[in-house]
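> Chains as they are written, first to last, in my numbering: chain A, 1 to 425; chain B, 1001 to 1312; chain C, 2001 to 2287.
These are computed hints drawn from the structure, not numbers from a lab.
Incorrect hints may appear among the rest.
[Unchecked claim] With a Cα cut of at most 20 Å, we get these calculated EDC-like pairs of lysine to aspartate or glutamate:
1. C:Lys2174 - B:Glu1207
2. A:Lys184 - A:Asp128
3. C:Lys2014 - B:Asp1215
4. A:Lys140 - A:Asp166
5. A:Lys184 - A:Asp166
6. B:Lys1119 - C:Asp2017
7. B:Lys1069 - A:Asp106
8. B:Lys1225 - B:Glu1207
9. A:Lys425 - B:Asp1075
10. C:Lys2174 - B:Asp1233
11. B:Lys1225 - C:Asp2017
12. B:Lys1085 - B:Asp1075
13. A:Lys235 - A:Asp213
14. A:Lys330 - A:Asp68
15. C:Lys2174 - B:Asp1215
16. A:Lys140 - A:Asp128
17. A:Lys325 - A:Asp115
18. A:Lys184 - A:Asp242
19. A:Lys125 - A:Asp340
20. A:Lys158 - A:Asp288
21. B:Lys1206 - C:Asp2017
22. B:Lys1206 - C:Glu2178
23. A:Lys425 - A:Asp99
24. C:Lys2010 - B:Glu1210
25. A:Lys425 - B:Asp1083
26. B:Lys1070 - A:Asp106
27. C:Lys2014 - B:Glu1210
28. B:Lys1119 - B:Glu1207
29. C:Lys2010 - B:Asp1215
30. A:Lys325 - A:Asp68
31. A:Lys67 - C:Asp2017
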Amino acid sequence: MNKKIFYITIALLVIASMVLTACGSAKPKGPVTLTIWHNWGPDDTKGVPLQSVFQDFMAANPNIIIKDEVYVDADIPLKVETASTSNQEPDLVFTVLFDGVLNWTDSGVSLPVNDLITQWGLDGKFTDVALANFTQADGKIRAFPLEGFTWPIWYNMKLFNQAGLDIPTTTDQLIADAQVFRDKGMGGPVIASGIDGMGAALFNLIVSSMMTDAETLQSFGNGDWTIPAAIAGIKLFVQLRDAGVFVDGVEGVDYASGGTRYFAGSVPMAHFGSWSYTDPAVSALAPDIKLGCFPLAAGSPWKHPVYYSGFTAKGIFITPNGGAKIDAVKRFIQFMYQPDMIARFVPAGMAPPLKSVNIDKSTLPPLVAAALDLPSICDVPMPLDTIVPAGVGTDLGRITQEAFAPGTTAEKILADLTAAYAAIK
Amino acid sequence: MIHSEKKIPIERRIFSNAEYGQRNARRRRVTFTFLVAPALVWFLSFMLWPLLNMFYISTTGWDSLNMPKKFIFLDNFVRMFHDPKVAISLHNTGIYLLAGILGVMPFAFMLGFFLSLRKPGYRILRTIFFSPAMLSIAALAMIFLGVYRPDGMINTLLNSVGLSGLARVWLANQATALGALIAIDIWGGIGFNSVLFFAALANLPKELYEAAMLDGAGYWTIMWKIAFPLMTDFIGLVTILQFLGILSGAAYQILLTGGGPGTATFTLGFYLYDQAFLSHRLGYSQALGVMIFFIGIVVIVLIRRITSRLSN
Amino acid sequence: MLNRLIRITKRIQKGSDLFVMGGYIFSIIYAVLIILPVYFVFVSAFKNNSQIILTPLALPAALDFSKFIQAQTNVHLLRAGLISAGITSGAMVLTLLLAFPAAYAVARIQTRLSTLVESIFSLGFLIPGLAILMPIYMMTAKAGLLYHPIALVILYPAFNLPLSMILLSGFMRKLPRELEESAVMDGGNVLQIIIHIFFPLCAPGILTVLVLNFIGIWNEYLFALILMDSDNRTIQLALALLRANQRTVDFGLIAAGVVVSMIPVYIVFIFFQDRIMSGMLAGALKE
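In isolation and in its complexed conformation, chain A is listed as follows (with noise of 0.2 Å):
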């Protein structure tokens, strides 16, 4: 009796299992179908707006069809070179600009999309830093930018006040302000997630804010840390930290805790992507949270308080198998890229590409609305997604990390970094 049971449940789910299959691999005839992958599933405050999109422009244009498939950001790459190899990529991509897709143009992954950006009526639309964020070094265009990032401090107005203090705008006054946080017992007031990328992102932030462009290239770039401004970026971050600047155990914090707890309106500043401007934790605190930048140390060859922001976030890749479609993708293309389709962006925290989009702020988050003061009153140091070497990323993160725990000496930390970026050589 308990075997028949057995075997019949077994049949019955290896038949369920083939029926749904078949039901879900029927493909579509006809028309023109155009794949895209991409992260921004339902969950995600930007896959509505793209669901969106996608609907108009199937309605605009009844002979193509667009079958998006969701996955897991990091997931991306590897589904995608892995397909390639076979040539079963999809047509289009949606990735953020980072690590091994660096590499996809010069692989044949994607085309480069310099001619299509001045065939499809794209040239001088887009903003000159979202295009530079996509230029090799040999000139090619990597792919269409798409969300721009912006990665701000945030700093908790009300606990500032309750300690009777201003945002510092030079680190001596962050570090004063560091003192009265911990004597009035809140502990130390920046947390960073110590333990993964989130915080070695400050921590770039940090030693790049005594750097100019040109230092942060021979430093990150290239592995030079003899040179005296980078040395004095190490020797900040490592004062910072003695100074008690950072929540005790911040090596060991991870994003989704720090961002727990700065919600819960216990953390004076965070450094918080914009990503999270959305984020529901946020709404009941948005009233008290100011945006803004971190301070500079004596000596920073900047004029304002920096912070990243970039384009880097998300860009669209054209595939051989893409390239084979072009017409379809060329009114794709365009039509995604006409300013009120992206404008359906903005609210999700997104910022656009495009040199037009007008953006009503009354109808914004209010922290999105924030966001868009930021170029005004901060500086943007170089973003350092496209110029670590691949194969020293994985190094500087655990390098981080060992920095943000007390007890690591500036010595160290350069050590460390001048061995990890040797051992690619």
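Go by the hints and put chains B and C onto chain A.
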């Protein structure tokens, strides 16, 4: 009915003892091949070529799936020899193996023996003990971040009983990071292996124990003097499994520490993953794979030798 | 004399009782250490992020099933579960069909080929999954089975054969030689012996191997990721998607997904252990 030997046809004496001699050896081999062939063919079709491929790619300088391959002979292996990270990973993996096997096997065996006594509640205990093995990666990541966070369960517990001096930033502290990961493997390994031991011990006839108890032996003695010797082969097997799992394992490093802080949790398995997926040096990662392969073979042979000597 | 015997028996009983008591104590402590984290995941499915992080072990304020519903609508969790169930059962049956006869041959047939074959299968453990990712993708694409769950049903047994083979043959070696001899006396051939005698007797071993295979396949991620598309995603792929992007995490949502994905695993384990255990005991009693 009495069957005399002479009446049984030759085909039906296939499985008898050595006294049936050479004639049956060929017969046995035929049956053997027939039974084993499907599994062998299946296995080899999917594993053989990729294995050979691994050896081949380890001699190339291949950066990522779509970049061209450059044949560089044994350069990868020379590089491995001088690579400080290899020495570090060997060191860390060695510690991991020692703790992961010594901390699991004895307890798993004892627990498995206890379960096999089938005392009341043993079924529930067995399900509970097997639970860690049933958790998927997503669940494990969530759980152990929640356990090891600076404000996580361990530290909260220590604080609440007044032992806050012992609280650490477990995953980010050089001294405790590796231990924290090993603890996860021990936590899951004891339960998982105890159920395996149960399955093997459950087949032993009860009379074995009863006879010993009549002679005046307690459970502890029975466990080590009777069950253990009978299980030596199986223990060796399970140890090999545990060993290989740790040798090539990288899951917790990937989920929780990224090999850090510094290189505290940098192990062989993680180095292979890092070079293949994160640092885009496929050729080198396959060279590491080759090294892991040979280490594995050596240890399997070693463990087999030890257990066969023990069981004689 | 009798008194002495009684004293010895009492001492043994005490020793054995001590052992059993010790066993229970250790078991219960260990069980608690396992239950707590699992409980944590379970209650987290009803909480929001801040509750999960600040009060991980507290009971949820109310049984709010919204996360479960959200998990289902976002990634079609149930469909993924069904696909996984189909793939897993198919692959499990196939693995057993392949491994059982082979394990029998290796364990019970006296020939020099046994050790050779066993060694070949042992090598299977040493092949990192990554190494075979590309070749297998190409093979699947060439066979026209890309994105079809059948591809996984065919592939997974190859991965599971080493473990299943080695465990099964390990279990089988323990059984007494006389089994075959008596069967031969009764006039049986190989297949009959395997099916009627060994299969029921190896029940605990088969159970273990089945459960291990189930877990391994159910939780497998890498090959399911590469060989399946979004219409045919398995449950682990669906789970991974619950995390909208790598930067924001809704732990409650993930916990809800994990709970849903673990229910079948528990059911399989509990269902199997009861059924086959009683079958095995009945078989043992007959002997």
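> Sort out whether Asp2017 of chain C lies within 20 Å of Lys67 of chain A, counting only the CA atoms.
violated (67 Å)
> Under the criterion that the straight-line Cα-Cα distance not exceed 20 Å, is the pair Lys2010 of chain C, Glu1210 of chain B satisfied?
holds (15 Å)
> Taking 20 Å as the top limit, are the C-alpha atoms of Lys2174 of chain C and Glu1207 of chain B close enough?
Roughly 15 Å between the alpha carbons, so the hint for Lys2174 of chain C and Glu1207 of chain B holds.
> Take the C-alpha atoms of Lys140 of chain A and Asp166 of chain A, compute the straight-line distance between them, and say whether it is at most 20 Å.
violated (46 Å)
> So if I understand the rule, the pair passes when the alpha-carbon distance is 20 Å or less; does Lys325 of chain A with Asp115 of chain A pass?
holds (16 Å)
> Given the hint that Lys2014 of chain C pairs with Asp1215 of chain B, does the C-alpha gap stay at or below 20 Å?
holds (15 Å)
> Within a Cα-Cα threshold of 20 Å, do Lys184 of chain A and Asp242 of chain A meet the stated pairing?
Status holds; Cα separation ~18 Å.
> Quickly compare the C-alpha distance for Lys125 of chain A and Asp340 of chain A to 20 Å and report which way the hint goes.
holds (13 Å)
> Is Lys1206 of chain B within 20 Å of Glu2178 of chain C, Cα to Cα?
At roughly 18 Å apart (the allowed maximum being 20 Å), Glu2178 of chain C and Lys1206 of chain B satisfy the hint.
> For Lys158 of chain A and Asp288 of chain A, compute the direct alpha-carbon distance and say whether it is at most 20 Å.
holds (6 Å)
> Lys425 of chain A and Asp1075 of chain B were given as a pair; does the straight-line alpha-carbon distance stay at or below 20 Å?
Roughly 14 Å separates the two Cα atoms, so the pair holds.
> Take the C-alpha atoms of Lys140 of chain A and Asp128 of chain A, compute the straight-line distance between them, and say whether it is at most 20 Å.
holds (15 Å)
In summary, the structure is inconsistent with hints 2, 4, 15, 31 from the numbered list given earlier, while agreeing with the others.
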